[in-house]
Structure formats: C-alpha cells, structure tokens
Amino acid sequence: MKGKWTILALLCAAVLVYTLDRALLGVLAIPIQEETGISDIQFGVLNSAVFWAYAVCVPFAGLIGDRFDRRKIVAISIAVWSLMTVFAGFSCGFWTLLALVSVGITVPQTLYSPSANALIARVYRDSQATAMGFHQAAFYTGWLVSGSAVAALLNNQLLYYGSDNAVAASGVANSFAPLVIMLVIGICQGMQPIAGYNYGAGRLDRLREVFKLAMKCNVTIGCVGSLLVLFVPRYLAMAFTTDEALLDLCVPALRLMLVMAPLIGFTITNSQFFQSIDKPWIAIVTSLSRQ
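Following the numbering used here, the numbering of the sequence shown begins with 1 at its first residue and continues without gaps.
The hints are simulated quantities; they were obtained by calculation from the structure and are not laboratory data. Please note: incorrect hints may appear among the correct ones.
Result set (DSBU-like, lysine-lysine): computed pairs, CA atoms no more than 30 Å apart in a straight line [unchecked claim]:
| # | residue 1 | residue 2 |
| --- | --- | --- |
| 1 | Lys4 | Lys72 |
| 2 | Lys216 | Lys279 |
| 3 | Lys279 | Lys212 |
Computed spacing ranges between beta-carbons, pair by pair [what the hints assert, rightly or not]:
| # | residue 1 | residue 2 | range |
| --- | --- | --- | --- |
| 4 | Ala239 | Ile7 | 17 to 23 Å |
| 5 | Ala239 | Met260 | 20 to 26 Å |
| 6 | Val259 | Ala151 | 20 to 26 Å |
| 7 | Ala137 | Ile41 | 35 to 41 Å |
| 8 | Asn47 | Ala79 | 20 to 26 Å |
| 9 | Glu34 | Arg67 | 18 to 24 Å |
| 10 | Ser148 | Glu209 | 42 to 48 Å |
| 11 | Glu244 | Val17 | 45 to 51 Å |
| 12 | Thr6 | Val86 | 37 to 43 Å |
| 13 | Arg125 | Asn174 | 42 to 48 Å |
| 14 | Asp278 | Gly89 | 19 to 25 Å |
This one's a predicted model, so the numbers in the text were calculated from it and none came from an experiment. Quick reminder that beta carbons are idealized off the backbone N, C-alpha and C, glycines included.
Work out the full structure: start from the sequences and follow the hints.
Structure follows, in structure tokens:
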C-alpha cells in the first residue's frame, strides 16, 4: 500500500513539472527571442508547431499506452522530455529550437498523460477517484502556477517597456474580451446537447438548423465586439477608468485583443459542434486553428 502511494506522489510531481514545462515558452518568450535572435513570426510558428505536435501525437500516444508497459512509457517520457528541455537551453537558432521543442520535448510529453491515467486506473482500482483527484489537483496546480508566472512576467515587461498605465490597459482589455468569449461559449454549450441528440436520432435537418443558428449568433456577437473596439473603444474603456492617459492606452489594447472576434466565434462554434457529434479530429483541427 505504501509503495502504491509513493508511485502516486511521483506521478503527481511529474504532472506538476509537465504543466509547468508546457508554460515555459510563454514565460520565457522575450529572453528566448533575445538569446536566439528569432523574430516574432518565428516565435509564433514555434508555438503553433507545439500545438500541432500535440494534436497529431496524442491519439498515437494512447495506442502506444495500450500496447506497451505503461510504467516504462511514463518513465521514458519523463526522462526524454527532461533531457530535451536541458538541450533546448543550448539552442542557437530557430530551427534547432523548433526541432527540440516541437519534437524532442512535445512528443515525449504526449506519451505521458494517456499512460499515466491508465496506470492510475489499473493500480488504484479500490481508490481510483482519490488517486485521480490527487493527480488532477497536481495538474491544475501546475496550470495555476504557470498562469500566474506568465501574468507576472507580462506585467513586469509592461512596467519595463511602459508604465503602470500599460499594466492597467492590459487589465482593461483582458476584462472586456472574456465578455465576448463567454457569450460565444454559452451559446455553444446550449447547442451541444441539441446537436448531439439530433445527430444520434438521425435528424440531420435539425442538426444543420441548430448549427447554422449557433454560427449566426456567435459570428454576430464577434462582429459586434469587433465593431465596438474599432469605433467606440474609448467609451468601452470609460467603464473602467476616466484617466485620459490610461484611456489612450486602452484604445489600441482593446483593438488588438478583439479585432478578429468574428473568427473567434466561428472557430469555437465549429470546434464545439464537431465535439458534440463525435468528430474529435475535426474538433482538434478547428480548435488549433485559433492558435
């Protein structure tokens, strides 16, 4: 029994490091660019390559986890991605960093989760919910810590290159954007059970109808949000502040954040729709298209 919980503790530590490691690109974006000399476009390609690598490799990671010893898979994946992370620190250019991050680090990381979750389900049959709970707690702790680190670094960079007002402007933009996204997600959540039911019942006419209606609503919401930040961003920012200097910074921040809002509504609706009709691959592709 004691050995079982030691294994769980190690798995929790591994998933904590795993989630922290995935946030390293965001946390260290500026230092990475300064040391390697890669451009903003190349850094964007690097981030996209990581997401596409996850999308392509995760299904195969599940197949590998079903065919081979999961304990060895977990151990090898942790060892390899840790070693590749060390090597990434010595990267001297874009192509080296791209190969190490998107293949050397990301591919081994995709092997971890399916095998670790299956291993927990097999080893902790009598206490599966408890074991999964601890493992998920470690996962979300990692996301919270890494998210806080990204926010702290962003604020630090805004202070370094701007001022207190730059931090405040970022806060205003990040407060308004979720209002649009939450409306889109709310409509999608209402669409999913209806779409799933009609897909299962073979009512393709009603399936098309609910998809079109949700798409129209969400693209319209995106268009309204985009038009607001294009034509009246100052009035939106005045809901948060009346300081003229801060308002001047809020205008471009809001525009950058939501100028492409119609596409957000389009991609989220597509992704949620295909999830509801059991088309995971299409849902993954449409979800990744937002990155």
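Consistency of the hints with the structure:
With a CA separation close to 16 Å, the supplied pair Lys4 and Lys72 stays within the 30 Å bound. At roughly 21 Å between alpha-carbon atoms, Lys216 and Lys279 fall within 30 Å of each other, so this suggested pair holds. A threshold of 30 Å between alpha carbons decides the hint, and for Lys279 with Lys212 the separation of about 18 Å falls inside it, so the pair holds. Evaluation of the 17 to 23 Å hint for Ala239 and Ile7 yields a failure: the beta carbon distance comes to about 51 Å.
Checked against the hint of 20 to 26 Å, the pair Ala239 and Met260 passes, with Cβ atoms roughly 22 Å apart. At roughly 22 Å, the beta carbons of Val259 and Ala151 sit within the given window of 20 to 26 Å. Range check, Ala137 to Ile41: about 38 Å between beta-carbon atoms, so the 35 to 41 Å window is met. Taking the beta carbon of each, Asn47 and Ala79 are about 25 Å apart, inside 20 to 26 Å as hinted.
Distance hint check for Glu34 and Arg67: the Cβ-Cβ separation is about 43 Å, which falls outside the suggested range of 18 to 24 Å. Distance hint check for Ser148 and Glu209: the Cβ-Cβ separation is about 43 Å, which falls inside the suggested range of 42 to 48 Å. Separation of Glu244 from Val17 is about 46 Å and conforms to the stated range, judged on CB atoms against 45 to 51 Å. A hinted range of 37 to 43 Å for the beta carbons of Thr6 and Val86 is inconsistent with their spacing of about 26 Å.
Remark: the range hint 42 to 48 Å for Arg125 to Asn174 is upheld by a beta-carbon distance near 43 Å. Hint check: Asp278 to Gly89, Cβ distance near 42 Å, so the stated range 19 to 25 Å is violated.
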